[in-house]
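Q: Quick mapping for you: the protein sequence lines, in order, are chains A and B.
Numbered per our numbering, the first sequence finishes at 308, counting up by one with no gaps.
Numbered per our numbering, the second sequence finishes at 383, counting up by one with no gaps.
Calculated directly from the structure, the hints in this document are not laboratory data.
Honestly, I wouldn't trust all of these hints.
[Stated by the list, open to error] Looking from chain A toward chain B, a few residues come up when the C-beta cut is under 10 Å (computed): (1) Ala211; (2) Thr221; (3) Pro228.
[To be verified] Simulated restraints on C-beta separations: (4) A:Asp204 <-> B:Val188: 21 to 31 Å; (5) A:Val158 <-> B:Gly46: 52 to 62 Å; (6) A:Leu32 <-> B:Val188: 49 to 59 Å.
Quick reminder that beta carbons are idealized off the backbone N, C-alpha and C, glycines included.
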Amino acid sequence: MPTLAEAAPPLAPPEPARPPRRRGRFTPYWLLLPGILWLIVFFALPLVYQASTSVQTGSLEQGYKVTWHFATYWHALAEYWPQFVRSVLYAAAATVLCLLLGYPLAYLIAFRAGRWRNLIMILVIAPFFTSFLIRTLAWKTILADNGPVVHALNTLHVLDVTGWLGWTAGDRVLATPLAVVCGLTYNFLPFMILPLYSSLERIDVRLHEAAGDLYARPWTTFRRVTFPLSMPGVVSGTLLTFIPAAGDYVNAELLGSTDTRMIGNVIQTQFLRVLDYPTAAALSFILMAAILAVVTIYIRRAGTEDLV
Amino acid sequence: MKTTTDGSGDVRLSGIGKTYGSFTAVHPLDLTVPQGSFFALLGASGCGKTTTLRMIAGLEEPTSGTVHLGDLDVTGLPPYKRPVNTVFQSYALFPHLDIFENVAFGLRRRGIKSVKKQVEEMLELVQLGEQARKKPHQLSGGQQQRVAVARALINHPKVLLLDEPLGALDLKLRRQMQLELKRIQTEVGITFVHVTHDQEEAMTMADTVAVMNAGRVEQLGSPTELYENPRTTFVANFLGTSNLIEAEVDSRSGGDIVLRAGDGKLLLPEARCSAPAPAGGKLLVGIRPEKIALTHADDAGSVPEGRNRLTGTVADAGFIGVSTQYVIDSPVAGALAVYAQNVERDTRLVPGAEVVLHWNPAHTFALDAAQDIDAGTEEEAAV
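Next up, chain B with everything else stripped away, as it sits in the complex (with noise of 0.2 Å):
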């Protein structure tokens, strides 16, 4: 997180909340988006997510709550009022004007009159100089989604806001356009809030990311600590994918837990346990598929002392190029995904094959048991 400078481009939301009769799409929340910060809202549609992006932008009025950028009062302002711009889902780009007009028209709106040198320069930024006199339709998908990106951040808006602004085009011109628009942001240095349900979009982008679920932040932080230290089990599963697995408060040694799950011990971090973990109680201890490493059951003797580790049987086996995702059954912990990396194979990892799981204790996280172990999955998902 970049430090604020003076503040006045700060979002700061208390207490907003959105009801639609007797549903609720925002529960009252607080939240404070740094000056300057890229800033990413995350969750499944129907979230609350892009509700709150409309109530940034005036869109929407909230149910409770104001709105304040810096130190102005915006709750109450329609949204020509508000110093935002917004990057709207399917670009909404006026199809009667040409790129150069649609360009052009928040700074005609405000009255400037000589508009050519900086809507040349704004072309220029998102390298659509070319194409100042087509048509919005006569573009391909990620032009359009530029010149939707020029047409607000001409305005030198105090915030940018942008709902879903990658979802139309394909994963290869989305990956592409998600460096260009971290770079204009990094070039403009205005605070940028960025709806997204794509995990993988809000961590590469955003300094900061929100975990939206059923109306509320679950959990705010750096993308390393959404991934790392997961609070509960939707962020653990909605980020990448987590093995949790149940297990019971054995004792305490050092600084660590150490738990019973099944026959077997695992060691963890005490630091690293968002619930508390009275002796005898019930907890979700997780590791992230990459962090634990395979060996075969003949090899068990050469797996270091002091790791945590589990045996099983390989299920599943799918090649995907840079690595091997394995789905092992275990008896303590059902199945379990484990992402190896394809280097130096061992040929014996077939599905059938005995194995022990291993890795370091300091992995491990651990969540509140009193949880639905399969909240933000894509199985529930889908339902």
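Isolated chain A (complex conformation) (with noise of 0.2 Å):
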């Protein structure tokens, strides 16, 4: 730098600065270096070669080849839109619910549980201690046809309404839309709690005090001052919710029907069962498409970039 070492008083020269700068100028690039390295492995290079296989024709006994057959994307979309739109329906219902379920607890936890705080924490995360797939079974046995739980439903009438909105068959609950919706909700609800917690966790009490003293009424307090406060939560947990909802098969397969497939479903069917490679990975190209272009609109609309 010649206008930094022309500006320096004579006794200062720069040269003594130079090496630590030089030393320090790469380090940024050595920390990022481990997650490159692995993002490039595991994640860039599966999806060039995925993206390679949704554009070749062939079979499995002649191989396949990259002849830009971008036709399979429209026959894919054309054939299974009812799997996509009944995906992004679950996985909203299911975000809703966690929403309605997460919400409260993550607020009691961060402002009223006192020295309860740890323990209901360890409780939401106990469930990871098993596996999914187990405790996506259990499900199974809870909504089990002749078990307590359609029981008492059966006895409230609850399963007229549901089914009456279609959400349950007769007086089944297992391999119905509500069995995966349950499903769903059940396996995310953490993933809704945890960040809900930590941006409520954030939010200074004082704020409380001062809507109170400004006249703002419990309700109002909430809605005004702490609510908006946990959007960044509430975008986040909505996210890691919807996400992985979107894209999962676990639910269906386990607690639905072929009349509750979801794209998820679809897409292990075509990999593993079927074995049309590029119809799968044309698939997962669009589920993927989809969510970010849902995603990016959410995140728009929220206007999260606003808070603190």
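The task is to assemble the complex, starting from two chains supplied on their own in separate frames and drawing on the hints.
A: Have a look at this one:
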């Protein structure tokens, strides 16, 4: 830097200051390197490979070749759009349920739990100590046709209402949309609670006091102060729930029926049973693009960049 | 203290107290803040002053006693139903709302639709008209403080409560804001109850100061009254500096009490003695450092008759511009502080010099000797 050298007084030449600067300049890149390598090997390369698969044609016997056959995308979309729509609806329903169940709990942990706070947090995380599959299978037992849950819902005539809405069929809960949405909600609930909690926990309780002091009733304080300030948690919680839920296939597989197949099930079948790799790859890309579009619109609308 | 007009802005605390488990934060106390006055609750941290304020605001439920605003008993009312507003210690501005909406918050909650004119006028009053559309974090500490005041004042509360509102500001800005708050208070005429640990702040701003210590009000009065006639060692030491000398009551002559401290005699006007003074009883004699004059021992003859006098040696002399702060070692009274204006300084008054300390007996006050002589000093506060 010549200008700096000229401006510096003769007693303090810039040379001694340079070695530490040079050493520090590359530090950020060294720190990034492991993560970047990991992403290249396990994310970028498979993605490129998958993209190329999606535009290949051929058969398992004669091998596949890249023929830039984009028609696969249109065919896949034309055939499986109901599963796409269903995935988005189920994921959205599960996300809304997670928010309705998770917000009060996160609020309780953040503001009211006192010395129980850590215990409740552990209970929220505890399900992770068991396998995802086992937990989902357990719901099969819970919602079993002759189990107490179904019996109770039947007695209370709740199943009449849900059946009329098309969420359940007859006297069954299992193998219906309701069962799949319940499974999704249960499995992704912690991903909603944790970001909500960390967002709520950062809110200064004096803001509640200030709102009360300025004539806001408790409910108004929540609506005007607490909820707006927890928006970062609401946004990240809904994203962490919606995105994996939209691509999930385990819940639909174990708790659903052929009528509740989600796009994840279709992709799984195409890859592992039908062995139609190009269609499966194309479906994966369409799902990715759809989620990206939904999320982008959502974040724009939520306007969280305004929040501190 | 201003005269009460209709009394609807009086704050009356009757036997109000607060305990947390076995800890008593505020001992049941009675206090009346007259309408329109600028009232300060002064004390070190943990003395119960903030708890008292929060009980007035409704943010803390008193364990005993009642809070009245004028004739209205508000003890059982939640904060949002009380006609008081608070300026919080760290301002507690809503970070997601801009300055305009922060100030308009209280009006909107009370269902007032057209807030624009009022908010703009209020922002003008605190000189923040230009900042209306900024977010709180974009403002400096002093500006945020003014927003907090505007947000509370716009509701025309009967009482404005200020919880260490200037604590986060640097010294210069604090002095400026003290004058600003005082100006606003005079302009709007609302009762201000101000909590602070800064004795200078309390004395500059308030008409009446209540000095609190360990959950009790030690003394209540005008700043002059508290400074000139402290009734406890805590008040004497916490407000400014006091030299406290142990002395024994010797006799009475006219309106004065004659005291014996070591081999010296000190005179004390009877009216300025807050403790019973039977002959032979002990008292703590107090004298403020700036009231004492120093004369070099060589000139001892020039000290006029009738003044209280002690002898000592200069232990330390600190020059701080407007004055010089001396520490004098006296065989009778230990270390004494003396502040001398830097007018016609005697250059012989250097450490080691023998001096005579003398003052007008009228400036002497006396306290009950049965208390901790160091209560309220900085050394004690640091423990």
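Q: Decide, hint by hint, whether the structure agrees.
A: Here is how each hint holds up against the structure:
no., hint, result
1, Ala211, "holds (7 Å)"
2, Thr221, "holds (8 Å)"
3, Pro228, "holds (5 Å)"
4, A:Asp204 <-> B:Val188: 21 to 31 Å, "holds (28 Å)"
5, A:Val158 <-> B:Gly46: 52 to 62 Å, "holds (56 Å)"
6, A:Leu32 <-> B:Val188: 49 to 59 Å, "holds (57 Å)"
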